[in-house]
Amino acid sequence: MSTLLYKFQTYFQRWAAQRSPRSTQIVLRHRTIYVFPSKQGVALLLLVLLIWVLGTNYQNNIILGLAFFLLSLMLVSIIHAFKNLLGLTFSPETIQNAIVGEMAPFNIRIGSSYLTNHYGLLLTMDKTESVATDVIAGHAQIVNVGVTASHRGWLTLPRILLKSYFPFGLIRAWAYIDLDHRVLIFPQPIETALPPLGIGQGADGIYLSHQLGDEFQGFQTYQLGAPLARIAWKHYARGAGMYLKDYRALQSEHYWLDWDALSSHDIELRLSHLSYWVNEFSSKNIEFGLRLPRFTLELGVGDSHRLQALTALALFGCEDKRSGS
Amino acid sequence: MTSLSAPRTISRNSLAWLFAVQVLVLAPHFFYLPLWLAVVWLLVAFWRWRIFQGAWNYPNKVQKSLAVAACCVGLLLTFGSGVRFELLISLLLIGFSLKLLELKNRTDFVLLIFIAFFIVATQFIEFNQFAAAFYGFFCVALLCTALMQLYKNTVSSLVREVLPSFYILMQAIPFMLLLFIVVPRLGSFWAVPSPQHAKTGMSDAMAPGSFTELMESDELAFRVTFTGKIPSHDKLYWRGLVFSFFDGNRWTQAREQQIENRVNQTSKRLRSHIDYIGDKTEYDVIAEPSGQMWLYALAAPISWSDNIGFAGDLRVQAFAPVTERMSYKVISSLNYNLHLRSDNELTANLQLPKSGNLKTREQAKQWMQDTGTPEKLIEKLLSYYHQKFTYTLNPPALGANNVDDFLWRTQQGFCEHFSSSFVFFLRAAGVPARVVVGYQGGDINSIDNYLVVHQRDAHAWAEVWLEGRGWVMFDPTAIVAPERVRKGIAESLSAADQKMLAKPFGASLKLLLLAREQWDALNYQWTRWVMNYDSSLQSSLLENIMGEVSAARMALFVLASGGLALLLLLAFLMLRTRKRDISDAVFVYRQLCKKLATLGFTPLPSETPRAFLLRVTAARTDLSAPLVRFAQLFEVMVYGEQSHIRDQLLKELAAFNPRKVAF
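Chain order of the listed sequences is A and B. Going by the working numbering, the first residue of the first sequence is number 66, and it counts up by one from there. Going by the working numbering, the first residue of the second sequence is number 9, and it counts up by one from there.
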């Protein structure tokens, strides 16, 4: 019996998935909303039966009327439960990156195609955790759905079960929200004593960074769009043409983080160590480069450089076609 | 936005609401149940409130068992051991009250509300007037409101939730009516204990003073709708019981009559001794519960509905004691001849106690000798009543020889005295006679033209067997007080006596009387069409709607009308929801333009909102302050839908009234 039920459930899930394909904007329509009596609804039906028997035994029409009223309430609840989900819109909101083992906080914007109220919305991904919200007067809400990041790389938002027991808890209305929403999960940083340094380290001395700084280095030819402050106006006044003054930061340290410098055979562990040092260097504003098999990130500092490095580490070895985007 | 991992606990709001609804649901039951149950509820509710405040704990197992045991002992002391209706209801109420102590999460809350639904249903067993139904459904609506707020995440205050929930409940009413009309009515599945409590009504004996209580009662006995014209007041003798046995104090049914009570005889054999003469009178009676078997009809019944039977002495009776309001239909012929059914009927109706009332016995024999025939004797006796007797509800006390005392000494009394002495006198003279009790007359409700018979209309009269004519009815009371039967009891009494008679509150005020009649008419129609809607009424109604009634047609009818109603409801709801085709900002701007249009300003096609509003401001400087605010808010709103801006904007819109500012 339970296997039959299980078979039916899997069949239903597949059928429902076909009806609500993955998309970046989901609007709930009559095709994608399901309604069925809840446990309490079944309990109410039993109660109605009990009251009906009472009314019949006492030949009392008001008691029968009450039984019919409760039954009608259930009927009307079907419509209201359905209407409660109808027209809800779901779209992804911007998201913070997370590291392996953390909760990836997916933000979802829930709005409505109508200026109506949608009550008691419960968003569930697994059976334990759910998020509850109301959408009042069609005004959009942003809810945060946490997904545990179990591995690095792209984490897509799993299919969400949206359900509501509004108005009286007798009818369960539900829909599957398959939102095209993903976040990049970085490897978990694991501390090591020494950075995995490759060859070509400039530990001391004068080294010219690729970053702009305040140390004058010489002149460059003018490029369109260069800041006016950098134009060598004296040269221009002399009629020597347009030149740019070249300022560079003077970098005392720079390091190359190298894949091959790591001894561990565990790829994930290597990535974790590299991640640790990427963060470490970034927080101390130390210039670094990253050498991975078939990928090299040139020397640099700053937030975008750190993100580039971490992205490379997160997607290392992933055959994700969309990774380049 | 809240995270829901465990079932939510009960908020202060819902707890207070639950208490209030519990009080409403329980209150009607305390009219007939011991009041200590209310104390139990109060204690439990107080305990639960203290738990909510964090002062006390949930009861442990020992405390719970003690509470249950205490209540059981209380029930045992109150009701004894028999299974009675009141006991079952009390158990239910105690369970409902004590469950409060286990109220921890949402599931318990829902369970309590479901039990409350059932308790509302049981309250209708006891109270089934229109007002009770209204009250009960009001309770149900409040319970539904409590249920609904559980399934919302934003609850402001429960009082505000009432209207939205009522709005949904209203939509359930058409479906309820449909179900009420078409769902087949079945007979009882098993015998159920009925509420037993003292009900006023005619008893199975007539002793001195037994009518006094009835006459002081304003309670309803039964209501009658006549198919044709209502017969004149003096013809409305509602026959209840016939008493042939007298023990010197009480009139009761003779043993043979009592046996007949239990036998539901076939109508043919019973009616062979009745000659029906003249027109038929057809009427529907709705009798209030009396706890007795006998019912009331005009003599002589020709045919009657299936739910009642015909007994000897031209009586109708129910098959079981009437504990619920019951309706039946009778066709009577007001003119009839009633002949003897058996020979010993005459001897049984000559029975007198062995001793007592010697003067009456003597006088009766003497008068019989003087007059010669029973007819003349009756004539003489009635004229004696007419000359010497007065009708009063407050007669002097009678001694042991009560007939002697009444006939020859006090000569003041009412129907029970007149009928008793009349029958005694005739029997003593050798003329078979018996006492008939029932009701006489009734009040006509001017709103719906039906007859209301109250307990105070109780009456007793006599039947005398006359050779060649059969049993003939005489009413000595009518000789003494003709107004009693012509117009009703209130008209026949002196001012002092009227005080004794049960009278409705404010009977002297015309308006109140009219309102009372209106209310009674409403209740009567309610009883007639709603409470008494049974399988026969159902099939005739359904035949009117569908023609021939068959299972297939019925199913089709139910599905078609139910489905259509659901679709209509959905369409109605969808029409009412406004589609969000424009942003909030544009919506507000359009509303504003509508308001300004009343002043004659309309935006040009090329004008931006700001330009338009500036133009209006230039023309109407008095409006500049709100409009400038508007323009600013509007621009903020367009570049980012922020909820507080939106609310502010809507508030501004609502407050903006160009005409009011103008003057």
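Hints in this document: simulated from the structure, not taken from any laboratory. All residues carry an ideal CB built from backbone N, CA and C; glycine is no exception. Any given hint could be a false lead.
Coverage of chain A stretches by chain B, computed from C-beta distances (three or more under 8 Å per stretch; other residues unrestricted) [to be verified]: (1) 71 to 85; (2) 137 to 144; (3) 173 to 185; (4) 198 to 207; (5) 214 to 220; (6) 366 to 379.
Under a C-beta cut-off of less than 8 Å, do 3 or more residues of the segment 214 to 220 of chain A approach chain B closely enough to confirm the stated coverage? violated (count 0)
Per the coverage rule (Cβ-Cβ under 8 Å, at least three residues), is the segment 366 to 379 of chain A covered by chain B? With 0 residues closer than 8 Å to chain B, the segment 366 to 379 of chain A misses the three-residue bar; violated.
Examine the segment 198 to 207 of chain A for residues whose CB is less than 8 Å from any CB of chain B, and state whether their number is three or more. holds (count 7)
Coverage claim, chain B over the segment 137 to 144 of chain A, checked by counting residues with Cβ within 8 Å (three needed): holds (count 7)
Given that the segment 173 to 185 of chain A was listed as covered by chain B, double-check it with a C-beta distance under 8 Å for 3 or more residues. holds (count 7)
Chain B over the segment 71 to 85 of chain A, status - at least 3 residues with CB closer than 8 Å: violated (count 0)
Comparing the model with each earlier hint shows violations of hints 1, 5 and 6; every other hint is respected.
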